[in-house]
Every structure is written in structure tokens, then in C-alpha cells.
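Residue numbers (this note's numbering), protein chains in the order written: chain A, 1 to 94; chain B, 1001 to 1344.
Each hint should be verified, as a subset may be incorrect.
[What the hints assert, rightly or not] Below, in silico cross-link-like pairs of lysine-lysine (DSS-like), each with a Cα-Cα straight-line distance of 30 Å or less:
no. : chain 1 : residue 1 : chain 2 : residue 2
1   : A       : Lys83     : B       : Lys1250
2   : A       : Lys8      : A       : Lys87
3   : B       : Lys1235   : B       : Lys1250
4   : A       : Lys83     : B       : Lys1008
5   : B       : Lys1274   : A       : Lys8
6   : A       : Lys86     : B       : Lys1235
7   : A       : Lys83     : A       : Lys8
8   : A       : Lys87     : B       : Lys1216
[What the hints assert, rightly or not] So these bits of chain B aren't anywhere near chain A, every CB distance computed over 12 Å:
no. : residue
9   : Leu1079
10  : Ala1220
11  : Leu1282
12  : Phe1323
It should be emphasised that the hints constitute simulated quantities derived from the structure, not laboratory data.
Keep in mind it's a predicted model, so treat the numbers as computed, not measured.
Idealized CB from N, CA, C, for every residue including glycine.
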Amino acid sequence: MSSREPGKWVDAAWVLAMGAQGGLMIALPVLVGLALGFWLDSQFGTLPWISIVLTLVGATVGPIMLYRWVTSSVATRLEDRMKTRKKRDEETPE
Amino acid sequence: MNLGAALKTRRGRFVLILVVLGIVALCGIGVFGGEKLPVISLAAEEIPLPFSLPFYGNHIPNTLPSTFLTMAILILIGLAYNRAQRQEGPPSRFRVAVEAVAEGMLDFMENAVGENARIFFPLVATFFLFIAVSNWCGILPGFGSVGVLAPHHAEETAVAEHEVEHEEEAVAEHGEGEEHVEMELVPFFRSANAHLSTTLALAIVSVAAAQYFGFKMQGASYLNKYLNFRASSPKPDPSTQKGMEGIISKMARGMEVFINGIVGLLEIILEALKVLPFSFRLFGNIFAGEVLLFVVSYLFAFVFPIIFLGLELFVGLIQGLIFAMLTLVFFSIATTSHHGEESH
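Isolated chain A, as found in the complex (with noise of 0.2 Å):
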């Protein structure tokens, strides 16, 4: 094994960018189901209602997405990261 371990800047990299697209997952969709009912209430001249619907619709969304988009990613960190070791392990002979 090297003395620089290029996997921990594979590691800090993997984190830094689940945690900048997890915080947007759980933002956005409240943000954009707002937008969107919004923009509908303003075409039926119904205003609140459909604006708090499409909200709540978004505030569940996120954190769905959010769940499923980690665990999977997680699943296939892990199995990337036993691939590659076992990799190393094979090149490297001790």
C-alpha cells in the first residue's frame, strides 16, 4: 500500500459531494413544489390551496429521494470500495 492512501481523498471527495447534493434534495423539491403551485394558483386564481398542496407534496419528496439516493449510493460505495481493496491486495503482494 502507498504512503499517500489516494483512496481518503476518493473518501473526502465522495462525502463532500453527497453532503452538497443531499442538502439540496431535501430544499429544492419544497422550493420548486412552492414555485410550481404558485405559478398554477396563478393560472386558476385559486391561491393558497394548491401552492400548500404542491409544498407538502415537496417537503415528503425530498427526504424520499433523499433516503433512497444515500442508501443506494452508500451500497455502492461500500462495494466499490471492497472491489478496489481487494484489487490493491491482489497487486500488492505482502
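Using the hints, position chain B against chain A.
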């Protein structure tokens, strides 16, 4: 030592205070000397053209020239590398530098996704290079500051404009400024990723490519992720399925199929929604950086913006890295089959 000795004398301290005050005064020129407040536009400004282009008409967004600038830089580096590669003798410094960057990226990706890295490399490395280079181009002098004066767009800043119109009406009543048209500076260049269309295009390409790689690696079984109409629990033994128990068991299995179908549909929607945070993050970061630099160099013309230029260099690289990493994660999720993940 000499400076320290000089500072101990009275005159030395006086000179020091004068120098500091001079620097502060220079820095503050923007605050006290600026006449007009800068205009910050969320959408990319439109550069008026003397001729008409297909697709764009006689306006192009000012992120287009910088996108082409980025592409030109990357293509020129590629061509120069291609030439350097064919030269005899020991490799030139330029060739070594380009190879070091490419190898560094490949090494990084191999550590992240293993043997698939070589398949993903062209697209992911292009994303990284394009985003990093265009972000770095965004802090070149001339970006956002050199441009043409064009009439202000009324529809973009409707609220602010409304107030201005009122003021103008008031002025017009006094018989002044009838021909006063609000002019705004339209810069020729604006950082390519400070335009939502650019980042949206990148995100769509990334998510679409993930579907492509999913089909390529997993074949038709990739569709199971989206169209899943099978019960996830194992099929029960028919001999034990009798009477009421059998009916309940069949209903439960029917329910499972139904839920799996809904989950598959949800998966399609979520896949499409992924594009949103993906593109908004890049756009938000780069646009915020542009605004930050703009405001800081408006307030303090000298010295102070250098710190933020350094910060923007860093942010540009990190955003490129995050985008490439997320693309890798998408590809990796799409190409790895998760059988039985839904069952628990």
C-alpha cells in the same frame, strides 16, 4: 531587523500609520467614489449582435462566448498534446504535465469505482476539465467588466423597474430627462456555469449517460429498476395454500406487486428530479462566486479582492470535483445491480 528598529522611532510609526491610512483610503475609493450601483442579473445578459444567427436571433447570452473560450482552451491543449506526443526524444514538460493530470484523474477514478473507471473516464474527466477550466476562466480580468452598454431589460427586473419608472415619471413632470433610457453594462464574458442552461445541460447529459451505462452493463435487467411487477417475497408452497389462508397470501402477494410497481414509477420520477439539485448546486455556487467578486471589487478596488480570487480558484476546482464525483456515483449506482435491496 532594520524595519523593527525604524518602527521604534516616532517618525517611523508616523510613516507606518500614513501608509496604512493610504491603503485604507485606496481600498475605500469604491465605497465613496462609486456613482452608480452595480446591476446584478440572475439570468445571463444578452449581447446584442449586429447580425442575425440561426437559433439565437440577434442576441446571444454572454455565457456563450466563455463556453466557446473554454472549449477552445481545452481543444488547443488537446491538439498541442497530440503534437507533443508524436515528437521524438524525451517528453517535453508540457506533455508530462498533461499526462500527470490525466493519470491523476484516472487514478482517482480507479480508486473510486474500480475496473469500470476506464469506461467512465472520457465523460467524467471531460466534465471535470470543462467545469474547472470554465470556472477558472470566470476570474480572468475582463469577465463581467468589459462589455457594451445596452438598454435595460424591463421584464427581468420588473419590480425594481417599477420604482424606477415612478421616479422617471416624477422627473418627467418637472420637465427633465424625457429621453432618459436606463442603460446597463452587458459584459462580453460571464462564467459559463453562471447560466442555468449550461449546468442543466451538463446535469441532463450526466443523468442520461447513467441510464446508457446502466443498459450497457446490465442489459435489459436494468429495466427492473423502473418496471418491477414481481413480488419480492419467495413463492409459497401451493400445498399449504388452502382456504382463507391461501386467499390472504395471494392478496398479500398482489399487494407486493402493486407496491413494487409504484416504487418503480417513483424511481423514474426521482431519477428525473435528480437533475434539479445537481444543476442548481453548480449554478448557485458559481453565480454566488461571481456576485461575491463583483461586489467585493466594487467596494474595495485594491488588495482585498485578491483573497476572494484565491477562494474562487478553490471553489471552482471543488465544484468541478463534486460534479465529477456525483456523476461517478450516478454511473456506479446505475451499473451495480442491487438484487434483493427492495425486499427488506
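- request: Would you pick out the hints that fail for this structure and give their numbers low to high?
  value: 1, 4, 6, 11 and 12
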